[in-house]
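> Chain by chain, the residues run as shown.
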Amino acid sequence: SAVISQKPSRDICQRGTSLTIQCQVDSQVTMMFWYRQQPGQSLTLIATANQGSEATYESGFVIDKFPISRPNLTFSTLTVSNMSPEDSSIYLCSVERRDTQYFGPGTRLTVL
Amino acid sequence: AQSVTQLGSHVSVSEGALVLLRCNYSSSVPPYLFWYVQYPNQGLQLLLKYTTGATLVKGINGFEAEFKKSETSFHLTKPSAHMSDAAEYFCAVSSNTGNQFYFGTGTSLTVIP
Numbered sequence: 001s002a003v004i005s006q007k008p009s010r011d012i013c014q015r016g017t018s019l020t021i022q023c024q025v026d027s028q029v030t031m032m033f034w035y036r037q038q039p040g041q042s043l044t045l046i047a048t049a050n051q052g053s054e055a056t057y058e059s060g061f062v063i064d065k066f067p068i069s070r071p072n073l074t075f076s077t078l079t080v081s082n083m084s085p086e087d088s089s090i091y092l093c094s095v096e097r098r099d100t101q102y103f104g105p106g107t108r109l110t111v112l
Numbered sequence: 001a002q003s004v005t006q007l008g009s010h011v012s013v014s015e016g017a018l019v020l021l022r023c024n025y026s027s028s029v030p031p032y033l034f035w036y037v038q039y040p041n042q043g044l045q046l047l048l049k050y051t052t053g054a055t056l057v058k059g060i061n062g063f064e065a066e067f068k069k070s071e072t073s074f075h076l077t078k079p080s081a082h083m084s085d086a087a088e089y090f091c092a093v094s095s096n097t098g099n100q101f102y103f104g105t106g107t108s109l110t111v112i113p
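Just so you know, the sequences run in chain order A and B.
Per the working numbering, the first sequence starts with residue 1, numbered consecutively.
Per the working numbering, the second sequence starts with residue 1, numbered consecutively.
Bear in mind the hints are in silico, worked out from the structure with no lab data behind them.
In this text, a Cβ means the ideal position worked out from N, Cα and C, and glycines have one as well.
Just so you know, not all the hints are guaranteed correct.
As the list claims (entries may be wrong) - Just so you have them, the derived chain A footprint on chain B, three or more residues with Cβ under 8 Å:
no., stretch
1, 41 to 48
2, 101 to 113
As the list claims (entries may be wrong) - Listed next, the stretches of chain A that the computed footprint assigns to chain B, with coverage defined by at least 3 CB atoms under 8 Å from CB atoms of chain B:
no., stretch
3, 39 to 47
4, 103 to 112
Okay, chain A solo, but in the shape it has when bound:
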C-alpha cells in the first residue's frame, strides 16, 4: 500500500484567489495523479504528474487553471487558480503502486 498525506485538509477561499494543495507519499513513486470529486459525484481525473516532465492533463482541464509541480518522486502540488464557486470540490491525489491506485485523504475546498 502507500501512505499519502495532503495539506490542507480543507479550506474556504474567496473567488479570484488561488490555493495550492500539497501531496506527500511515504516512498518514491513514478506517477502521481490528481482527481476532483464534485459534491455527490464520482472522481474525475485532472492530470497525471511524472517527476521531471510536464503533467499530462485530461480533456477539460488546462495547465493555466490547474498548474501542477512534481519536484521529486515523493511530492506533488496542485494549484487551483482564479477560483470560482464551481471549483468547490474535494481534490484527491493518488499514486500507483503494483497496478493499484492509493489515495490521499483529500482536500475539501469551498469557494465563496
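Knowing the structure of chain A, use the given hints to seat chain B on it.
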C-alpha cells in the same frame, strides 16, 4: 476503451442483511477491477481488487467480489451488513498498467438499524 457502470446510486439494507452492490464493466483488454470505499469526509480506501487468478476475491471488513467474465460483472457482497458499512462505494476498472483508472458513479450504502 474502458468504462464502469454501477447500478443503483443508493442502496439501503437492514443491519445483518446481505449487502449486494452491482458493478458492470466494459474493457477491450483483460481488466483489473477494484472496489473502493469512501467514508464521510475521507479519501478512498481500497477494499479489494482482482488482477489475475482466482475470480473470487476477499477484501477487508468481510467484503468479497467475484469477477464474472461472461457477465462482465464484479459485484461486491457482504453476508451481514454492519452499521459501520454505511459509506460510498466505488467500482473501478483499469488496464494492467494501473495508470488509467475509470471509476463508476458510486453507490451510497445506508444501513438501517
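> Run every hint past the structure and note whether it holds.
Hints and how they fare:
Residues of the stretch 41 to 48 of chain B lying with their CB closer than 8 Å to a CB of chain A number 6, which satisfies the three-residue condition for coverage. With a cut-off of 8 Å between beta carbons, the stretch 101 to 113 of chain B has 5 residues touching chain A; three or more are needed, and the interface restraint holds. Coverage of the stretch 39 to 47 of chain A by chain B holds in this model, with 4 residues showing a Cβ closer than 8 Å to a Cβ of that chain against a need of three. With a cut-off of 8 Å between beta carbons, the stretch 103 to 112 of chain A has 5 residues touching chain B; three or more are needed, and the interface restraint holds.
In summary, the structure agrees with every hint in the numbered list given earlier.
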